[in-house]
Amino acid sequence: MSYISLSAADKSEMLARIGVAAVDELFGCVPEELRLGRDLDLPPAMSEPELLAHFDKIAGRTTYPRYLSFLGGGAYHHFIPAAVDALSGRGEFLSPYTPYQPEVSQGTLQVIFEYQTLICQLTGMDIANASLYDGASAAAEAVLMAQRLNGRSRVLAARSLHPQYRRTIETYTRNLGLTIEDIGFGPDGRLDGADLAAKLKNDVCGIIIQSPNFFGVIEDLPRAAEEVHGRQAVFIVAVAEALSLGILEAPGKLGADIVCGEGQSYGLAPAFGGPFLGFMACGKASLRQLPGRIAGQTKDVDGRRGFVLTLSTREQHIRREKATSNICTNQAWCALRATIFLETLGQAGLRETALQNMHKARAALGRLTRITGVQARFTGPVFNEFVLELPRDAAAAAEGLRAKGILAGIPLGPDYPELQNGLLVCVTEVQSRESIERLALGLEEILR
Amino acid sequence: MIRESLIFEISDPGKPAFALPALDVPEAEGLLDGLAVRSDIPGFPQVSEVEVVRHFTRLSQQNYCVDLGLYPLGSCTMKHNPKVNEKVAGLAGFAQAHPCAPPETVQGCLEVIKSLEDALCEITGLQAFTVQPSAGAQGELVGMMLIHAFLKSRGNPRKIVLIPDSAHGTNPSSAHLCGYKVQEVKSDPTGRIDPDELEKAVTEDVAALMVTNPNTLGVFESDIADIARIVHAKGGLLYMDGANMNALTGIVRPGDMGVDVLHINLHKTFSTPHGGGGPGSGPVGIVKALEPFLPTPVVVRRGEALDLDFERPRSIGRVRAFFGNFLVAVKALAYIRTLGPWGVREIAEISVLNANYIRKSLEGIYDLKYDAPSMHECVFSDKLQKEATGVTNLDIAKRLIDHGYHPPTMSFPLIVQGALMIEPTETESKRDLDGFIEAMKAIDREARESPEILKAAPHHSYVRRLDETAAARNPVVRWEKPKNP
Ligand SMILES: Cc1ncc(COP(=O)(O)O)c(C=O)c1O
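Protein chains in written order, with this note's numbering: chain A, 783 to 1230; chain B, 95 to 579.
Worth flagging that the hints you see were computed from the coordinates, not collected in a lab.
Where is the CB? At the ideal position from N, CA and C, for every residue including glycine.
Treat the hints with care, since some could be wrong.
[Claimed, not checked] Mimicking DSBU-like on lysine-lysine, the simulated pairs with C-alpha atoms at most 35 angstroms apart in a straight line are:
#	chain 1	residue 1	chain 2	residue 2
1	B	K294	B	K477
2	B	K328	A	K1104
3	B	K524	B	K549
4	A	K839	B	K181
5	B	K208	A	K839
6	B	K181	A	K1186
7	B	K275	B	K246
8	B	K463	B	K477
9	A	K1104	B	K294
10	B	K535	B	K177
11	B	K577	A	K1035
12	A	K1066	B	K577
13	A	K1035	B	K575
14	A	K1104	A	K1035
15	A	K793	B	K535
16	B	K275	A	K1104
17	B	K480	A	K1104
18	A	K1081	B	K480
19	B	K177	B	K454
20	A	K1081	B	K577
21	A	K981	B	K275
22	B	K463	A	K793
[To be verified] Output of the computed footprint for chain B on chain A, the stretches with three or more beta carbons under 8 angstroms from beta carbons of chain B:
#	stretch
23	814-823
24	844-852
25	861-869
26	1099-1105
27	1212-1218
[As the list claims (entries may be wrong)] Looking from chain A toward chain B, a few residues come up when the C-beta cut is under 7 angstroms (computed):
#	residue
28	R799
29	G873
30	F875
31	C902
32	Y915
33	Q946
34	F1054
35	K1081
36	T1092
37	L1093
38	N1112
39	K1142
40	I1192
Pulled out of the complex, with its shape left as it was, chain A reads as follows (with noise of 0.2 angstroms):
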């Protein structure tokens, strides 16, 4: 199958307008010794019939949506409207480019403008950019972002952090005079208080805690922020589970300066891991030390409102090596959807999306520890995931599960020596009674 629109006279009438006999002769400035001289070693081309069967060949061999699955740490099964679906499959907003042109697109630009207010509304902060990559490099950016605001140097993340972020923080870091050190966590599954204290010293650029962090634990955001303030650091939340914003109070208005974090729950599918939806805001004082675009509302000649990608002198195309990203191409798609999604939740239906999660999480989590043996690790407040305690080792127990055709959680393990016997479980709002009692009988069982 071909995507080619010329039929042999086309062809033969512009090479002629051009003056060549071949296509072959354009590319006279290719020195011969350098070319393939070859066809390529790839399968033969196939039409479109062949390439769907082939694909769902491939597609088949994963077997993931057989499971029954709690699997979350950063990536969420929750459910999308079919109008996410039909909207953004719409090719006016799949097939334009970036709105260089905003005469010719309007259509994304009015959606970034309108997506940037509600990460602003959710997050309670003054100002949002228009995406980045996902959560990790979000976390990665406001890093950088905070040792632009004061030109510190040491930065502090909370072994709660997601590990990926954690490491996407420390490969975006290492050759710029960053250090990253740890702050632990204590029983509640929370900061460590006295870790913090301790470290805290005025010489810290900022700390970056996520919330709920990687353990489903819902942190104390205004202690933590009042010691970071009280040192001049910045303070970031970063926060994975984007849902939860539909429920639990604002970082923002917890005294977070730069909240950052992966808004995949927002009608994205998890889709091995991307595209996702990165997302920053922060004060209006730091507007200029933002990455990544913006869109921004001004006028035509005619004075109707119109909406503009602006302040463009922070980005690389205008500022090359001192612009305050490297960032171009971004997740506008995404971030489609993500508008797509919250407004037709509406205010309620988040709001009610979010509570079901928490109430789900909270009867699994009480059904499941009723279970000989199995506690709850932490003793602090969840959203919708949690980490269970069981008697022994959690990656053998959820391989044990995975032959019941349950995939119960993550094993903690293998990013925390110290959780060998940890998994961390999610429960969204698509999980049932029945599914939650169906991963219980077969818990117990294999503890048996």
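Once you have looked at the hints, place chain B with the ligand on chain A.
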């Protein structure tokens, strides 16, 4: 025409809410006790589904897009986005797969990644690929980090990255983010890198040269083999920005030119939709020597099965969570499978044919600062029109909107004053190319006869020319509830 409101302006808290199934577990008591919760999200919308559907459908109609017509945005490779690829990416085995699932349960996903990496190796002549980078710029950053880690393992990561003055802004920005100092290399009068000038700039402090080939003028760096030799002779590495790979597929491979590290843009060369600004995907290809440093995890074959290798002590780490913009990789692989070896070669052949057809048709009418042979795009400028009539590339671009086309890329590369960078891609028909050429010619005539038409353009769009200066001077970047008078 209906002026579309912001959703916040039509919101009404009295409207019925989105309905969920009734909660089927007992309500937990004291669920929110002691927690900081919110009872209201001030300003957050509440509208009906009908209103949402009409809102976004109307907004969609204010966008120009590839599905509507020729989109000659240079450097962006706005080719047709095949519909079947969306369907493939929607298969449950891809879209519903959880990234933390045990590898045994996501074999189809791992197979897509491995197959795409293999295909990209063959197309580029490099030895290994990672699909983790989320877009071109993140690919550049990963590439720079790989170079840094590799050189460091040899004793010295070095300090400087050389970048031609015609390069895209992400190049210097990415090198800087990796801790390198950027040093600019001036283009020669033909718009290319001059090997003699380069020779002087390359020292043992230089970690790499970042070259775009064909460069941002659409001109092939014919001395690329010499360029590689010069950089390598001093122990540096050759990085290639593969954003313009569309000109090369099946004809010549970066690996065979002496390139050590390369990123390509799946959202350009491999047809995945840009989505109004993303998501993209910027896989990075490398020569064998850099393999130990690849981001983790790496997809590896163990017997019959595929697995994820996290145990890579020399890895640079990771630059995002999970495995990249996976569904974008699915679409790109579907595209490569559809085209097969000849189809992939045809990408380059026809995109170069189409670009040269436009160039030939507009040469003389619009100024070409550099007349070196064009590959997949050509960069005109507003020089002739500006001198004769005072109209600028901005006016020309805006007038194209009235003629029914998306404007070319403007004011890039920086070495061409008033640039109009035109990249038609291979998927356009002759009829569409001719329509665009006629529009450009008509605009030239209009410029000479009645320049005020151009200066006030566009005339027929949903909004007319927007005040970008005011937007930046007094930033309004979110909706706020109007204060009660
Ligand atoms: C030549 C060139 N290099 C790099 C980039 C950056 O790629 P991305 O936007 O995917 O980050 C682009 C496109 O924007 C480009 O045209």
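Hinted contact F875(A) with chain B - closest CB pair below 7 angstroms: holds (6 angstroms)
Just to be careful, I want the Cα atoms of K1104(A) and K294(B) compared with a cutoff of 35 angstroms; is the pair within it? Answer holds: K1104(A) to K294(B) is near 25 angstroms, not above 35 angstroms.
Hint validation: C902(A) versus chain B, beta carbon distance must be below 7 angstroms. Holds or violated? OK, holds: C902(A) within 7 angstroms of chain B, min 5 angstroms.
K1066(A) paired with K577(B) [C-alpha distance capped at 35 angstroms]: holds (19 angstroms)
Quick one, are K328(B) and K1104(A) close enough, alpha carbons at most 35 angstroms? holds (28 angstroms)
Between the alpha carbons of K535(B) and K177(B), is the straight-line distance 35 angstroms or under? Holds: K535(B) and K177(B) sit about 33 angstroms apart, inside 35 angstroms.
Is the hinted pair K839(A) and K181(B) satisfied, with a Cα-Cα distance of at most 35 angstroms? holds (14 angstroms)
Regarding the hint that Q946(A) lies at the interface with chain B, is the smallest CB-CB distance below 7 angstroms? holds (4 angstroms)
Between K177(B) and K454(B), does the CA-CA distance stay at or below 35 angstroms? holds (32 angstroms)
Within 35 angstroms, alpha carbon to alpha carbon, are K981(A) and K275(B)? holds (32 angstroms)
A closest beta-carbon separation below 7 angstroms is what the hint needs, so does F1054(A) meet it against chain B? holds (4 angstroms)
Does the alpha-carbon distance linking K275(B) and K1104(A) stay inside the 35 angstroms limit? With Cα atoms ~11 angstroms apart, K275(B) and K1104(A) stay inside 35 angstroms; holds.
When each numbered hint is compared with the structure, no violation occurs for any of them.
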